[in-house]
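**Student:** Chain B: place on chain A using the hints.
Top to bottom, those sequences are chains A and B.
Under my numbering, the first residue of the first sequence carries the number 1, and numbering increases by one thereafter.
Under my numbering, the first residue of the second sequence carries the number 1, and numbering increases by one thereafter.
Fair warning: there could be bad hints in the mix.
Claimed, not checked - If you want the footprint, here are the derived chain A segments under chain B, 3+ residues with CB under 8 angstroms:
| # | region |
| --- | --- |
| 1 | 251–260 |
| 2 | 331–337 |
| 3 | 411–423 |
Since the hints were derived computationally from the structure, they do not count as laboratory data.
Beta carbons: idealized from backbone N, C-alpha and C, even for Gly.
Below are the chains, spelled out letter by letter.
2 protein chains.
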Amino acid sequence: MGINLINFLSSKSKNKRMNEFQDLDHIEGVSVSTVNANLYENSRDDLVMFYFREGANYASLYTQSKIVSENLKWNLSNKPKKIFTLLVNTRNANCFTGKQGYKSLENIAETLSTALTEKQKVDEDQPRKIKSKEVIFGCTGTIGEIFPEEKIKDKIPELIDKIKYTQNKYIWMKAALGIMTTDTQPKMAMEECLIGNSRIKIFGIAKGSGMIQPDMATTLGYIFTDADLPNDVLKKLLKKNITSTFNAITCDSDTSTNDMLTIFSTGKAKHLKVKNVNDERLKEFDQALNKVLLNLAKRIVSDGEGATKFVTIKVENCKTEEDAKKIAFSIANSPLVKTAISGEDPNWGRIIMAIGKAGIQMKIDKLSIKFGDLFIIQGGKLSANYTEEKASDYMKSDNIEINIEIGNGSKNFTAYTMDLTEKYIEINSDYRS
Amino acid sequence: MGINLINFLSSKSKNKRMNEFQDLDHIEGVSVSTVNANLYENSRDDLVMFYFREGANYASLYTQSKIVSENLKWNLSNKPKKIFTLLVNTRNANCFTGKQGYKSLENIAETLSTALTEKQKVDEDQPRKIKSKEVIFGCTGTIGEIFPEEKIKDKIPELIDKIKYTQNKYIWMKAALGIMTTDTQPKMAMEECLIGNSRIKIFGIAKGSGMIQPDMATTLGYIFTDADLPNDVLKKLLKKNITSTFNAITCDSDTSTNDMLTIFSTGKAKHLKVKNVNDERLKEFDQALNKVLLNLAKRIVSDGEGATKFVTIKVENCKTEEDAKKIAFSIANSPLVKTAISGEDPNWGRIIMAIGKAGIQMKIDKLSIKFGDLFIIQGGKLSANYTEEKASDYMKSDNIEINIEIGNGSKNFTAYTMDLTEKYIEINSDYRS
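Just chain A, with the same shape it has in the complex:
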């Protein structure tokens, strides 16, 4: 897999299913380094370090899978007040690698924290001793292969050499490319907002293309802000906003052992202390964070393995949000719905099938289905205005919206997915070869 930075910078809008991404520039308190540690045995960057010279408050959400990777075990068992560095490698998930996998992380954290302590002595007025538990890890790639400890450790000096305290769009792009596996597009998003009178930045990068039905977390998503927020507020904000964003997407119904979503708050933008998640001053930040998360989540689906269509499934007026979510995911995960979409076939019978198998009680005569604004089913019957021709025309779009009205309540859920193509099979039957 050859990933060419220049290619992406010069043809950003190649993917018609998504808008161009915004350029991420500088965010105070974060430094990004990327290197090629030869994990893929080619020339791409595959190891990315985010360094917080004064530390960062943080909060993480992890996979709900009952089998979790060694790096998540590490992250879960160390609970420092601040994080000084996040190290992300691709190619190897460090899952089912047992003691060797965990021990490797201990060794890398030890080497990295020692080297960063030396760096502090050179660069900082008030140098700190960075502890190994102040390092967290993101790993993604194949499960069950020996974790490449030496290759990673060998690159620590180069990662540290590359630390720069002013960031630009190129380094963020390199970071977003550096954490990719089967992704074909980097995923970046940014928003600005106010907390009180202070202008705040929220940057995000993510990766993910297959094994994606996040469950309380995602594949890899990292959010960086210069806001000054305590860990518990960050955690509440993340939990609150994940439901409608990362937990609303599915590519293939498969949940990774390595899902990780972390927000880092460097506190460099000075504003009045916010101690409570309900603080009025957080309103804009809350909305902006949701936008960043949703933007990244949509990019993941849009770049889902083999995707040719971006699909939004809105389920409205259910008894409970849980009902709406079950129906939305039943449609979003149905191979028969997804293949019909890839074939541009307005086969609404399969949507009926998927609604039925979700197991939610409903009155058929309340059911409506629209493709975009086009009524297919109205009041439980084929719409009088329905023509196969109009419906077929609609299916040619790169963005498909399926709108379902259940009509026995007032709760809604929107899920995002993509179509299922032969390319998905090709990618996943050849992944390791």
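**Tutor:** Here is chain B on its own, set in the frame of chain A:
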């Protein structure tokens, strides 16, 4: 789609994933007629009638989908003591066809029962008046298209002309072919057993290739026996034996609106009355019925859309059967596991992923995974004997067995599925075109 009877009769063992099927011959009390009603607008038979001249006791299980087809509504709302005929059409599922779909069935049942009453007058010593509610329907095909009432009614005289009271292997083969949709192979099975001293036959035919994760029923499965068993005993036998057979298979995790499994008992083999499902004399019949159902269920998976491999997933020593079933289906429905199998890639990391996402608490150090007899994971670690080469070799087989040992209890479940190939996508993105 051209289906050639002679092709199948002359090359029955083409599908290496399954044994040859047995020839079904005569079963007393059942008459089979097949015709071409032009539902597919080609020359294949697409309408099949099973006629029980003296009626048959029966029991049915239907889909658990919350949206069910009109024919299932008909079958559920008429509860005669005996059934005189089962009429099965393909091409049209008669689902989401509303009042027209139901009314059509009323009309067809009326015409058919009247014609059969005339037939009784000619053929029987004690002719009966057959009522329209003594007709049941199986429908399979596309959802939401107008039900072709006239085409079907027009063929009733021809169906009745073709009634013969002695069956042979050709007519059963024609019936099995006549109920197919995207199937590439007919599905038939038979067993013989004793009830007391009477030799009993159990014949079965089924169809199904996609939209298959039956839930308390299957796509279409019809069982015929000359045993003389009351309806409630038939129902209990069916429920008891479906868990490990039709409800243990999945092709694509999608559940049909039309799933229907019915057993008919003509009572022509005379034996002592059996009034209770626990009667010792039913033991052999019970086992033989399980064999017929399992045989048909496996044939459905083996002919799953685009299948190149038949996959058996045994999950053993769980706390509950429900846990074992969740894990087995989590693996069986994982697109990433299924594509790895189609690529002959022993990517056991994806099996780990699928076990993890099933959400069952377990101790990793008790976990074992075998491919056939080949240990992959032993006691939560990569087996000392594991080599990628041996594992890769194993994956070349047409029949893949994945054996999982959870080790926190004594309950087991076995699921059956097939691999996921580009052919599945091709079939399902082009289905209606």
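**Student:** Are the hints correct? Go through all of them and say.
**Tutor:** Results of checking the hints against the structure:
1. 251–260: With 6 residues closer than 8 angstroms to chain B, the region 251–260 of chain A meets the three-residue bar; holds.
2. 331–337: Check passed, 4 qualifying residues.
3. 411–423: holds (count 3)
Violated hints for the displayed structure: none, as all numbered hints are satisfied.
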